[in-house]
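Undergrad: Use the sequences and the hints to build the structure in full.
2 protein chains.
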Amino acid sequence: MDRIMETAIEADPKLPIIRITRDFAATPEQLFRAHTDPALFAQWAGPDRLTTRIEHWDARTGGSWRYVAVDGDAEYWFHGCFHEVRQDRIVQTFTFEGEPDGVTLETQTLEDLGDGRTRLHAQSLVDSFEGRDAILRSGMEVGVDEGYAKLERMIIDGAV
Amino acid sequence: MDRIMETAIEADPKLPIIRITRDFAATPEQLFRAHTDPALFAQWAGPDRLTTRIEHWDARTGGSWRYVAVDGDAEYWFHGCFHEVRQDRIVQTFTFEGEPDGVTLETQTLEDLGDGRTRLHAQSLVDSFEGRDAILRSGMEVGVDEGYAKLERMIIDGAV
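Chains A and B are the protein sequences, given in the same order.
Residue numbers for the first sequence follow numbering that gives the first Met the number 0, so the first one is 0 and each next one is one higher.
Residue numbers for the second sequence follow numbering that gives the first Met the number 0, so the first one is 0 and each next one is one higher.
Everything labelled a hint here was simulated from the structure, so no lab data went into it.
Each statement offered as a hint is correct.
Copies of the same chain look alike in the list, so a pair counts if it works inside one copy or between any two.
Derived pair list, reagent style SDA-like, types lysine to any residue, alpha-carbon separation capped at 25 Å:
id : residue 1 : residue 2
1  : 13        : 118
2  : 13        : 131
3  : 149       : 52
TA: As structure tokens, then:
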């Protein structure tokens, strides 16, 4: 059986895409809630040293979102719109407001592995390889790893 | 002086992107209205044989849209969200509901050429070359050409 125990993050060799794969001991419904309920999302998203505060959140097809990641006195704002929100797939846009013209199209797919396990596939598409590689150099991997580790602990604790 | 008299449509050789460039004898403000006012947009968008009927339209950052293109008894539905709407740049998502998992990230930039002329740059980004080439084969170029020709006539007629 193909098991992924940690977060796999890879840059596509031919497309300006980052792909992330992570297995969770949770149902697709639990992972869907963790990605769409703002109170849950704010508890796990991003690196450990940052605190997420949601300003706006409407996780429906055609809705939008904005939040700030706070690190002491520093604030990092992000916003986007939800292109599609359905039980097995969330497609949304993403901009870090420090780079206001940079836009990522994010697709998250929930693959039911059965027995209460789910494989999360997250794809980030941008319009240049330079932009993609700048995201990878920005410390994004640490945020993804630490964020999913927090989510895993919430699942174990029954918080999702 | 570099003048583009017709619609230029090109597939990027290294990225899953279609780029369209078209000059108009209109100000950026006129082209912005033509792209964000639903009554104006419905008059010019798409090929001549189709009629556009707007179902939902909220052309603001974080808003969304849905419309149907009608060809006799046939209906083609499209929807997306507006990631960013500002005077010189509109970023939105786009899905043809006949291919519900296909998503395009569309960026339209209005370059003021002065003297009441504007160059429209439209970029369509998808997540595979196969998907990009399928869009080109779908007759998209005819729709773009005929749509912009209608928009040009509306500008000449003072309707925008």
